[in-house]
Structure formats: C-alpha cells, structure tokens
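Given chain U, work out where chain E should sit, using these hints.
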Amino acid sequence: MEIKLTVNGTVRSDEVEPRLLLVHYLRESLGLRAANVGCDTTSCGACTVLLDGESVKSCTVLAVQANGRSVTTAEGVTEADGSLGVVQTAFREQHGLQCGFCTPGMVMAASSLLAENPHPTEQEVREGLEGNFCRCTGYHNIVRAVLAAADKLSDGHADSAGGGAVAGGAARISA
Amino acid sequence: MIPAAFDYEVADSAAHALSLLAEHGEDAKVLAGGHSLLPMMKVRLAQPAVLIDIARVAELSGIQIAGTEVVIGATTRHAEVAGSPLLQAEAPLLAYAAAQVGDPQIRHRGTIGGSLAHADPSADLPMALLALGGSVEITGPSGARVVGADDFFVGPFESVLQPDELLTAVRVPRGGSAPWGYQKFVRRANDWAIVGVAAYDGRVALASMGGTPLRALATEEALRSGASIDEAAALAAEGASPGYDFHADIEYREHLARVLTKRALEGKTG
Numbered sequence: 001m002e003i004k005l006t007v008n009g010t011v012r013s014d015e016v017e018p019r020l021l022l023v024h025y026l027r028e029s030l031g032l033r034a035a036n037v038g039c040d041t042t043s044c045g046a047c048t049v050l051l052d053g054e055s056v057k058s059c060t061v062l063a064v065q066a067n068g069r070s071v072t073t074a075e076g077v078t079e080a081d082g083s084l085g086v087v088q089t090a091f092r093e094q095h096g097l098q099c100g101f102c103t104p105g106m107v108m109a110a111s112s113l114l115a116e117n118p119h120p121t122e123q124e125v126r127e128g129l130e131g132n133f134c135r136c137t138g139y140h141n142i143v144r145a146v147l148a149a150a151d152k153l154s155d156g157h158a159d160s161a162g163g164g165a166v167a168g169g170a171a172r173i174s175a
Numbered sequence: 001m002i003p004a005a006f007d008y009e010v011a012d013s014a015a016h017a018l019s020l021l022a023e024h025g026e027d028a029k030v031l032a033g034g035h036s037l038l039p040m041m042k043v044r045l046a047q048p049a050v051l052i053d054i055a056r057v058a059e060l061s062g063i064q065i066a067g068t069e070v071v072i073g074a075t076t077r078h079a080e081v082a083g084s085p086l087l088q089a090e091a092p093l094l095a096y097a098a099a100q101v102g103d104p105q106i107r108h109r110g111t112i113g114g115s116l117a118h119a120d121p122s123a124d125l126p127m128a129l130l131a132l133g134g135s136v137e138i139t140g141p142s143g144a145r146v147v148g149a150d151d152f153f154v155g156p157f158e159s160v161l162q163p164d165e166l167l168t169a170v171r172v173p174r175g176g177s178a179p180w181g182y183q184k185f186v187r188r189a190n191d192w193a194i195v196g197v198a199a200y201d202g203r204v205a206l207a208s209m210g211g212t213p214l215r216a217l218a219t220e221e222a223l224r225s226g227a228s229i230d231e232a233a234a235l236a237a238e239g240a241s242p243g244y245d246f247h248a249d250i251e252y253r254e255h256l257a258r259v260l261t262k263r264a265l266e267g268k269t270g
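As you go down the protein sequences, you meet chains U and E in turn.
Residue numbering for the first sequence follows our numbering, beginning at 1 and increasing consecutively.
Residue numbering for the second sequence follows our numbering, beginning at 1 and increasing consecutively.
With the rest of the complex left out, here is chain U:
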C-alpha cells in the first residue's frame, strides 16, 4: 500500500506492506535509528515516537496507520544545526541516561508529557513516564531532567531552542 506521511518535517512517500510496523518503517526504510525495539510488546517504551504530536509506541502501530499523519522521532527534536534540543540537553546536563538505550523513547515521552502538561510536578513526571522502562534504573535523574526541561521551556528558552520539545517540533513540521 502507498503511504504518504510527514516524518520530522519531511514528507515521505513509500510503498509498504500493511503488516510493516511503524518502528521498522522508521528504522529500516528511513534509516532513522533513534527509536529502539526493546520489548516489542508495548511495554518498555524504547520505541516511543510522536504521532500527530502525541507519544505512541511505534512497535504497536502499523506504518499504514500513520498514513497522512505526522511522525516525530528523537532525530526530529534536535536543533536545525544538529545540536541537542531542550529536552535532550536537560537529559545530558542532569545525567538522565546511563546506557542510553531507553533515552530516545524517554525524550519523546517527556516531550509529549510537557506538551500536555507544561508544569508537571515530580509525581506527574513519574506517572507520565509510566510507559518507559530504564533497565539501568536511572529514574531519579531522568525525572530531574524532565523537570529541568520544563523549567527551561517555561523560561522562554523554547523560542530560541527551536525544536526542543513538541511545540518546536510541530512548528518545524508545519513550516
């Protein structure tokens, strides 16, 4: 089936088998390897991407279900010059990653969370990341990173930071 969708601001058109999972489309057809296949059972969240701005687990979405929609991966929330976006920078500054396998999914889940709730409490961050597992168990610094990103975004850094979180990413997509 022919699908046409927007991935990280770029319109893509491809012939795909209906059974092709979105995560495999992203990784293998488009070469976007940020979204990882972890559990492959909708549990771990390593494959989290944004579909029309909302976090989804791309191992449980068919590529054909994304037809006509917009997808954002962790590659799509970096700055135009390739440097890290606001949420990514917060993860680095707060040591919010150890092995890094869960990180792209964590960044996308956090971006979606902050788009829905720009000023989350610590408890809301923990609950908002319920769908993402860190096997290094580095949750404390991940939560710190999301809270720090929320502070930065609400300080108005979002404007200069471009694609830091969902708002910026969406702006680039529509541009």
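Calculated from the structure, these hints are not laboratory results.
Since the model is a prediction, treat every value here as computed from it, not as a measurement.
Beta carbons: idealized from backbone N, C-alpha and C, even for Gly.
There's no promise every hint is true.
As the list claims (entries may be wrong) - Residues from chain E that face chain U, not an exhaustive set, calculated with beta carbons under 7 Å:
hint: 1; residue: Pro104
hint: 2; residue: Gln105
hint: 3; residue: His108
hint: 4; residue: Asn190
Claimed, not checked - One-sided excerpt, in silico: chain E residues whose CB lies under 8 Å from chain U:
hint: 5; residue: Met1
hint: 6; residue: Ile2
hint: 7; residue: Phe6
hint: 8; residue: Tyr8
hint: 9; residue: Gly34
hint: 10; residue: His35
hint: 11; residue: Ala49
hint: 12; residue: Asp53
hint: 13; residue: Ala58
hint: 14; residue: Gly62
hint: 15; residue: Asp103
hint: 16; residue: Ile106
hint: 17; residue: Arg109
hint: 18; residue: Asp201
What the hints assert, rightly or not - Here are some chain E residues the structure puts well away from chain U; computed CB gaps all over 12 Å:
hint: 19; residue: Asp7
hint: 20; residue: Gly210
hint: 21; residue: Glu221
hint: 22; residue: Ser228
Below, chain E without anything else, positioned relative to chain U:
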C-alpha cells in the same frame, strides 16, 4: 515480532465498515487503536486475513449527553475519555478507569470500543462498564441493538459481538453525584489488575476474578439489606472463580477482592 500478512481496508463510514465486514466475514477483524489486536497478531494468536481500519471514521468518535446517559463513540481514545470534562462531571468512574489503562502512550492509541470488544476479564473498562450498569450499541446487517454490560461479556476475550457486527458506541448513566470507588491492584507499572474492583451506587464489579468481569452480587445484596461496608465487602469473592498465575493464587485473589471491595465501597481510588 511481525504479524502474519493481511489485507488492509480503510473504512470511511460505519456503513462502509459494515459492508466490508459483510464482504470478508470471519476472516476480518476491526482495527481501531490496535492496542489489543496488534499485540495478539504479533505473537500470531490472531491471524486475520483482512483488517478493517475504523480509526478515521469521524462518526464513531466523540462524547455527548443523550438524555439520562452519556454516549461515547467506540473509537474514542482512552486519553480522550480520561481527559473529558463532561465525563469527569457526569461519569467520573469511567474517566478515572480510562486513566488507569496501560500508560500514556497506550491511552493515546487504545479506544473504549476496542477495549470492550476485546473483553479481557482483567481489563479496566469492561469492569468499569459493568459497575456503571452501562451498555454498548452494536450495529449489524439486521440493524442496531443495545446490549447491557451484564449481558455483553460471555467468556474470556469473548462477548456477544458477532463477526459481522460493529460496536459503535458505549452508553453510561449520568451520575456525577453517585458514590463510587475504584481499586486496581498491580505489582508493575502499566500492568493489568491482579484484582480490580469498581463500585458505583450500590453496584460492585470485579476484574481478574473469573472468565469475565463479574458483579459481586452477594456484596450488593448485603448492602441493600443494610449491612455495613465491612460486612458486605467480606462477601466480595462469593460466586467468583478466579484463576491463578505467577502473580497470585486463588486464595490470595479472593482476599484481595474482599480488601479492595471494602476500599472501593469507602470511595477510595488507587
């Protein structure tokens, strides 16, 4: 894990979905959010020849008041049910239950109709619908019918929904001021209930206590007869037939049903 090959059809209306169902019969499955169906297809527990995608049918989505009920379109997603100010005011138990499903990513995709049609006896929304005494609207070749929650679930992952029928909407009573409570006992994030209890205005429903979501009828009868919450909750496991797994044996599930029923009847959530 990759599903077996299938043909993919996009329905542009409920009528179109029904004609596709009529055309493909038992070889077809309806796809909405896919968060019950796709995991089963990935492990090849389900191998439909055709998927009929109804997620883009606008008439099947939305939340509105109709007389004494709130009507929720089948493809309304859990995040929309959980975040609906209308449901939070008119059917807070349902909004709360939707917020307990899975995790944020799952709630962005999964739909209320899909969860009910999947009929998982351990899931949140079947239990919630049973506690509320709600119903589902079903449309098939011979027209539409409304089936109450008490009659809808007939076995594990089995409902009265026929292969040529479409679950189109969910109805729950308006009852924003009625007492309710909700308890979901889990050991891991985004898991199904080891035991769940939903209580609403004298009705008590249990999850993971049998092959379908169950009413705690002995508890309800005791409450009607003037028993205390403690006395009524002590009867919560009567008539239930829980299974056992690595989370809990039968005795432990029965114990949880009594403890969680007491908390739910006290109006607690958790």
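Checklist entry - For this structure, which hints from the list above don't hold up? => result 11, 13, 14, 18, 19
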